[in-house]
Amino acid sequence: MNWPVVVVFAYVMLGLELALKPALAIETPGIAPSFVIPLAAFIALHAPAMPALWVALALGAALDLTNPMLSADGRQEVTVLGPMALGCLGAAYMALTIRGMLVRRNPLTLIMLAGLFALVASLVAVALLSVRSMYDGALVFHPVQELVRRSASAVYTWLVTIALAAVLMPLSGLFGFQVETHGRRMVQRTY
Amino acid sequence: MMARSHASRITSKKLLAAAAATLLVLALLPTPASRWVRELRGPVEVIVGPIQSPIASLIRAVRPRPNADPLETATVEQLARERDEFQYRYHRAQAEIEQLKQLIADLSRGLSLNPELPVRQVSAAVIGGGSDPASTLLKVKAGRNAGVEIQSVAVVAGVHLVGRVTAVHPVHCDVRPITDRAMGQIQGVIYLDDLTRGPMCALRPNPAERGTLSGDVEAMPETGVGPAPPEIRPGMVVRVMDGAWPEHAQGLIIGEVERVERKANQRLTVTVRPVHRVDRVSQVILRVLGAPPSSPTAAAAASDGGEGRR
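Listed in order, the protein sequences are those of chains A and B.
For the first sequence, the residue numbers in this note's numbering are 1 to 191.
For the second sequence, the residue numbers in this note's numbering are 1 to 310.
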């Protein structure tokens, strides 16, 4: 995998995430699409397993650090590092597990996978934050409400991926993904 | 070669597991213990800033401005109204504070004038004039209930004589200003400077010039008219010195000499103008001789500054 290209794309997507998210957000329920998750899904779909997992972890950690939560008194921001990182890691693992059954070159695959990726990542994050909110008084977290909101955001992310797929799929050559081959090599019999 | 790659793969897996375990611990750590995590936000934001900022600027430039939400506009208008109202209240409170400070200064000045006399001072608002349009009678919001009595003296700014109470009603009284045509003669002494008494003068309301008093300069109180009488100049202060007025009114300022004229019989005539327009005051202090009234209503009335003519 071509790491510099991955870093550049991750950087751009994180910038889009932070800059575009407020503009595209449906404000009242706080539903907003993600730009980082489609990239993580794209990498998880094509890259070797370990790099894909590391990239997912790193992108999730970046999401955690750039999206602080509001404290219970509403006056401070609480930065929780981990939920989205582990969520993305779990979602990447899910993608690695099922990608053998998918047609990777089809843009629709990325579109569907990104939505699923976002959903799984949200599930893990909500689960972790729900556990933490049980004993952490500084955190206000309504699991059901948050799950609904994040699920709706996953659907929104799925819509955004339709546009992103049009950019990422043609540029997949730049990422230097190697096709893994596990089967026996075909050799021409000489006899 | 293949063995090294396999080893590196195992190391990477272990590292990933360790990172995931660390993140799991961090995710579940209570806020007080993981407060330091927010320090990591700064570097991340600094790194992302150069790409985030131009995109955000571009979006701001491209994105059409949303139409003003009528609800939001209403809220803004409401807030602006509230701000104006509070500003008005603030300035009003400031003005009241200034007035009260002034009142305290006036009362102190009035008390220091005759410290040996048991003079009680009642601050009261002027609530109107008399029924006779030709008269400049003042209706003052303090009456019998406040212990006001006939012959009480009304002053402004502590020591400037306004007039004398001519009628007392339960809750108000009538004050006849010194410049009122019906007011009789008032004897005053011209002060040559702050401490030196000059000649006496018998002042009457000046029919030719409303709001002033005039009269002939009389003999000096102690030395008489000597060969070199002191020069009377405009600006000199004239104070009450009249046996017909209560003792606590003696020394109050009638006004300042505005003009000095010499009549055909060589006598000097002075025109005195009160420093404050006595027919236009909105608040006066009534100087009453004696102890304060004991009834609560009287006390309430005594302290009632009220809304004056403003």
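Please note: incorrect hints may appear among the correct ones.
As a list, the in silico SDA-like pairs of lysine to any residue whose alpha-carbon atoms are at most 20 Å apart [stated by the list, open to error]:
| no. | chain 1 | residue 1 | chain 2 | residue 2 |
| --- | --- | --- | --- | --- |
| 1 | B | K14 | A | M94 |
| 2 | B | K13 | A | K21 |
| 3 | B | K14 | A | Y11 |
| 4 | B | K13 | B | L29 |
| 5 | B | K14 | A | P51 |
| 6 | A | K21 | B | L58 |
| 7 | A | K21 | B | A56 |
| 8 | A | K21 | B | R60 |
| 9 | A | K21 | B | Q52 |
| 10 | B | K14 | A | W54 |
| 11 | B | K14 | A | M50 |
| 12 | A | K21 | B | V44 |
| 13 | B | K13 | A | M1 |
| 14 | B | K101 | B | R83 |
| 15 | A | K21 | B | R41 |
| 16 | A | K21 | B | P230 |
| 17 | B | K13 | A | M94 |
| 18 | B | K263 | B | D242 |
| 19 | B | K263 | B | D216 |
| 20 | B | K14 | A | K21 |
| 21 | A | K21 | B | D216 |
| 22 | A | K21 | B | P54 |
| 23 | B | K13 | A | W3 |
| 24 | A | K21 | B | R63 |
| 25 | A | K21 | B | P50 |
| 26 | B | K14 | A | L96 |
| 27 | B | K13 | A | Y11 |
| 28 | B | K13 | A | T97 |
| 29 | A | K21 | A | Y11 |
The set of hints was computed from the structure by calculation and includes no laboratory data.
Just so we're clear, the structure is a prediction, and the values are computed from it rather than from any experiment.
Need the list of violated hint numbers for this structure, in ascending order.
2, 3, 4, 14, 16, 18, 20, 21, 27
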